[in-house]
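Take a look at the letters that make up each chain.
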Amino acid sequence: MAFKQHSVLPGFKLSLGYTLLYLSLIVLLPLAALIIKTSNLDWSAFWTIVTEPRVVASYKVTFGTSLLAALINLVFGLLIAWVLVRYPFPGKRLVDALVDLPFALPTAVAGIALATIYAPNGWIGQWFEPLGLKIAFTPLGIVLALTFITLPFVVRTVQPVLQDLEKELEEAAASLGATRGQVFYKIILPTILPALLTGFAMAFARAIGEYGSVIFIAGNMPYVSEITPLMIISKLEQYDYLGATAIACVMLAVSFALLLVINGLQWWTAKRLGRRK
Amino acid sequence: MAGGVNNAPRSIVTTETRPVRIVLTGIALAFIGLFLVVPLVSVFIEAFRQGWHLYLAALVEPDALSAIKLTLITAAIAVPLNLVFGLSAAWAIAKFEFRGKSMLITLIDLPFAVSPVVAGLIYVLLFGAQGWWGPWLADHDIKIIFAVPGIVLATVFVTFPFVARELIPLMEAQGSDEEQAAMVLGATGWQMFWRVTLPNIKWGLLYGVILANARAMGEFGAVSVVSGHVRGETNTIPLHVEILYNEYNFVAAFACASLLALLALVTLALKSWVEWRTERLAAEDRRHATEE
Amino acid sequence: MSIAINGISKHFGNFVALDNLQLDIASGELLALLGPSGCGKTTLLRIIAGLETPDQGQILFHGEDATDTHVRERQVGFVFQHYALFRHMTVFENVAFGLRVRPKKTRPSETEIKRKVHELLSLVQLDWLADRYPAQLSGGQRQRIALARALAVEPKVLLLDEPFGALDTKVRKELRRWLRRLHDEMHITSVFVTHDQEEALEVADRVVVMNKGKIEQIGTPEQVYDAPATPFVYQFLGDVNLFHSRVHDGWAEVGAARFAAEAGDSDKAVVYVRPHEIELSRVATEKAIAGVISHSRLLGATVRLEVDVKDAEVVEVELTRERYQEGGWQVGEAVWLNPREARVYPAA
Chain V
1 MAFKQHSVLP
11 GFKLSLGYTL
21 LYLSLIVLLP
31 LAALIIKTSN
41 LDWSAFWTIV
51 TEPRVVASYK
61 VTFGTSLLAA
71 LINLVFGLLI
81 AWVLVRYPFP
91 GKRLVDALVD
101 LPFALPTAVA
111 GIALATIYAP
121 NGWIGQWFEP
131 LGLKIAFTPL
141 GIVLALTFIT
151 LPFVVRTVQP
161 VLQDLEKELE
171 EAAASLGATR
181 GQVFYKIILP
191 TILPALLTGF
201 AMAFARAIGE
211 YGSVIFIAGN
221 MPYVSEITPL
231 MIISKLEQYD
241 YLGATAIACV
251 MLAVSFALLL
261 VINGLQWWTA
271 KRLGRRK
Chain U
1 MAGGVNNAPR
11 SIVTTETRPV
21 RIVLTGIALA
31 FIGLFLVVPL
41 VSVFIEAFRQ
51 GWHLYLAALV
61 EPDALSAIKL
71 TLITAAIAVP
81 LNLVFGLSAA
91 WAIAKFEFRG
101 KSMLITLIDL
111 PFAVSPVVAG
121 LIYVLLFGAQ
131 GWWGPWLADH
141 DIKIIFAVPG
151 IVLATVFVTF
161 PFVARELIPL
171 MEAQGSDEEQ
181 AAMVLGATGW
191 QMFWRVTLPN
201 IKWGLLYGVI
211 LANARAMGEF
221 GAVSVVSGHV
231 RGETNTIPLH
241 VEILYNEYNF
251 VAAFACASLL
261 ALLALVTLAL
271 KSWVEWRTER
281 LAAEDRRHAT
291 EE
Chain E
1 MSIAINGISK
11 HFGNFVALDN
21 LQLDIASGEL
31 LALLGPSGCG
41 KTTLLRIIAG
51 LETPDQGQIL
61 FHGEDATDTH
71 VRERQVGFVF
81 QHYALFRHMT
91 VFENVAFGLR
101 VRPKKTRPSE
111 TEIKRKVHEL
121 LSLVQLDWLA
131 DRYPAQLSGG
141 QRQRIALARA
151 LAVEPKVLLL
161 DEPFGALDTK
171 VRKELRRWLR
181 RLHDEMHITS
191 VFVTHDQEEA
201 LEVADRVVVM
211 NKGKIEQIGT
221 PEQVYDAPAT
231 PFVYQFLGDV
241 NLFHSRVHDG
251 WAEVGAARFA
261 AEAGDSDKAV
271 VYVRPHEIEL
281 SRVATEKAIA
291 GVISHSRLLG
301 ATVRLEVDVK
311 DAEVVEVELT
321 RERYQEGGWQ
331 VGEAVWLNPR
341 EARVYPAA
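Residue numbers (UniProt numbering), protein chains in the order written: chain V, 1 to 277; chain U, 1 to 292; chain E, 1 to 348.
Since the hints were derived computationally from the structure, they do not count as laboratory data. A hint or two may mislead.
Dumping the calculated PhoX-like pairs for lysine-lysine here, alpha-carbon to alpha-carbon at most 20 Å [what the hints assert, rightly or not]:
| # | chain 1 | residue 1 | chain 2 | residue 2 |
| --- | --- | --- | --- | --- |
| 1 | V | LYS186 | E | LYS114 |
| 2 | E | LYS104 | V | LYS186 |
| 3 | U | LYS69 | V | LYS271 |
| 4 | V | LYS13 | U | LYS69 |
| 5 | E | LYS310 | E | LYS287 |
Derived DEER-like restraints, expressed as beta-carbon distance ranges [to be verified]:
| # | chain 1 | residue 1 | chain 2 | residue 2 | range |
| --- | --- | --- | --- | --- | --- |
| 6 | E | ARG177 | V | ALA270 | 31 to 41 Å |
| 7 | U | GLU284 | E | GLU110 | 48 to 58 Å |
| 8 | V | GLN163 | U | TRP273 | 12 to 22 Å |
| 9 | V | PHE63 | U | HIS229 | 24 to 34 Å |
| 10 | E | ASP131 | U | PRO19 | 47 to 57 Å |
| 11 | U | GLU178 | E | ARG177 | 42 to 52 Å |
| 12 | U | LEU185 | E | SER138 | 53 to 63 Å |
| 13 | V | ASN40 | U | VAL230 | 25 to 35 Å |
Glycine residues also receive a C-beta, built at the ideal position from the N, C-alpha and C atoms.
Work out the full structure: start from the sequences and follow the hints.
Structure representation (structure tokens):
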């Protein structure tokens, strides 16, 4: 890093120095430990661990359920943001505040609450039981928990963009003969698309790493409803540190890739909205 | 922060017909009801299923009390640490230009992207019995993993970005005109910080602290990996809830969970209040600026 | 196409935006809606476009009721104050938008769209910008693209909201002339909103002066400027001096000067005189007002003098630079003011 100091304000070296030190100690060094630990494994040993059938099955469960949950929230998150920004209804402030509940409610609490409600004898689960549809203790339960956990992401990324969408753009399109549907697909959707995808990617990234809410409702059956974070835990419990580390490394790589994707999407959002730094 | 809530009716051209609006609003509210309200309400109903006495008994039981204590201690250490970090990072990033800035911002975000389980694991790899410094720590009889320091460390990791994330855009938007004015008027660095910068960012700071605190008290995955689950010693409330739930002691589990749900509600209320205040101040600001 | 506005009213909450308006717009004319901000001119324009619905009254397009016709079907071209160009589309796509959203049956072919868009872009002299995005254009270019986009749907009426408001002075003047020429070529019924009297007087065939939701006067630029119907119009269309006076025998008296007034005896009246319609003299005449020059300011080709007059506020007098130099007027000098033109209105 080059230190170009133009400002007359004090404290640049102190604040940046402290920031870098603290970041290194809390985040970078421990993450480096993970990578160094993995490098003790040779490639084929690493590959064997991370492609073990049970682990591969857990990837499928994790990515599949996360993708589904993120897709559900892509649709409903957009709908909720739309309704909150555009339609008047009583109690709107309360609903708006409630959207953040999954950020504020500890995941374990969400997990046991959802597991109880959707259990075969639970409030909602009992209605699905006769239909032969089991939700709790199946991958469906995982989707449910992940949908809960990631609900705010799309709403909160799309809401401000919808809020700032100039109504003149819609009026201009209408005066040029566009129907309401055409206005949505040709004007509104392209404008909010980057924000929508950012929210989707954030929800997906969060869902992949989620542990607390899922383990209570998943049933954790090997090959069926076992998620990757749980694989790490169970390896740890068997004192298989190398195994846990190898799988964690895969997850870390995915997280990092998603973080880059999200950054790229945010840059795109800023560009599309014409906000330049 | 979240976008504002606007209740003004829109012109006919830029909205849908009334039936469409009602249907869409209905679907959105039903989704929120089913996915958010029902689980929240169920926590309290399950907690009080067997009456007040059992509820209270579950909370004053020694293991529960020690879990509450540990949770409070953890938050009391982790939140201030990240508060100082957040201020320092935001100051450096928002007020100065340097190369590698966007890389730094991305790295600060990293803990949000990492799975909580991985967050716990990395500390086990450093400080655990099999870890880098495990043997040295064991020789000196210092326990970090399966003890309170490990829990605090894991919590610091998962709440790491909250305050910084909130302050960086806020301070960038405010610019440094006021600070420069203070310097020109002869203020020292600390005077400028306490009298100019801090009053300007206090609401954003509070917002970040509220969110960091909620996460610190409620973290499960990362803490679960480093805790060792020793009853009465290394259990935070969420871990205590898990143990009770797995023992089929549902009333006690939900009673402790209801404390966390209450915390969530208080967090949401505070958060909305801060948002409402900032919005109002911004609106007033705009009004005064245009009145001239 | 002619437009008739019959008794249109519009409220926003307690605010009366338009109060029982009556207006006929002839086919092919270029009409300016002129007034201060908040006078209702933009609301009227938006009602004509169908972007806003009136609480009361009727809009007739070519004699047919169009009050409930959706903006989509009205076939109006609307140019927004800040242009409302679609940021994610190129200039070409922006102009083509109105053609592309037509129902399949009436949608022109791709080659037809291409031809038409390029024709319009040539018309606004910006064909070379077709592949740019709006963010890459200057203000004046955006304005012309917005116009081309509105014209693409072959509107029967062209509506422009403060079309030059967001531009700097030099570009604004060029575009004004260009719009006038364009209108003379195309003869499309056009209405534009402005708060700038110079703009209205220079460009429009007829000017509608509005204030507080009502029409104060409708007329050609000459009519509204030379024969303002109300004090508001007089004041809005240029600088003005006012003298408070009382009427005697059909004359409003200001100092020694008198002006014909229609009001009755001893009624209060206000006399309006424009700064450039006052002659200065060093000789006292029968009808002159005495004063002392207190300030002089050079404003390019003209000179503005402030003259202190007894019983009145400061009076402004505007002279050409030549006349100022010929006269050799000095600050501190006693002078007599001879209004060439004046209008007397009963005091409110």
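Okay, the hints, checked on the actual structure:
For the given pair, LYS186/V sits about 19 Å from LYS114/E by alpha-carbon distance, which is consistent with the 20 Å threshold. Taken as a hint, the LYS104/E and LYS186/V pair is honoured in the structure, with Cα atoms around 16 Å apart against an allowance of 20 Å. At most 20 Å may separate the alpha-carbon atoms for a hinted pair to count; LYS69/U and LYS271/V exceed this at roughly 48 Å. Restraint check for LYS13/V and LYS69/U: the C-alpha separation of about 38 Å exceeds 20 Å, so the hint is violated.
Our distance criterion of 20 Å between C-alpha atoms is met by LYS310/E and LYS287/E, whose separation comes to about 15 Å. One distance hint, 31 to 41 Å for the beta-carbon pair ARG177/E and ALA270/V, holds here, with the actual separation near 38 Å. Between GLU284/U and GLU110/E the CB atoms are about 53 Å apart, so this pair conforms to the stated range of 48 to 58 Å. At about 20 Å, the beta-carbon gap between GLN163/V and TRP273/U stays in the expected band of 12 to 22 Å.
For PHE63/V paired with HIS229/U, a C-beta distance near 29 Å keeps the hint of 24 to 34 Å intact. Between ASP131/E and PRO19/U the beta carbons are some 42 Å apart, a value that contradicts the proposed interval 47 to 57 Å. The beta-carbon spacing between GLU178/U and ARG177/E, approximately 46 Å, falls within the hinted interval of 42 to 52 Å. In this structure the hint that LEU185/U and SER138/E lie 53 to 63 Å apart at CB is violated, the actual value being about 41 Å.
The hint said 25 to 35 Å for the Cβ distance between ASN40/V and VAL230/U, and at roughly 30 Å that hint holds.
Violated hints, listed in ascending order, are 3, 4, 10, 12; each of the other numbered hints is respected by the structure.
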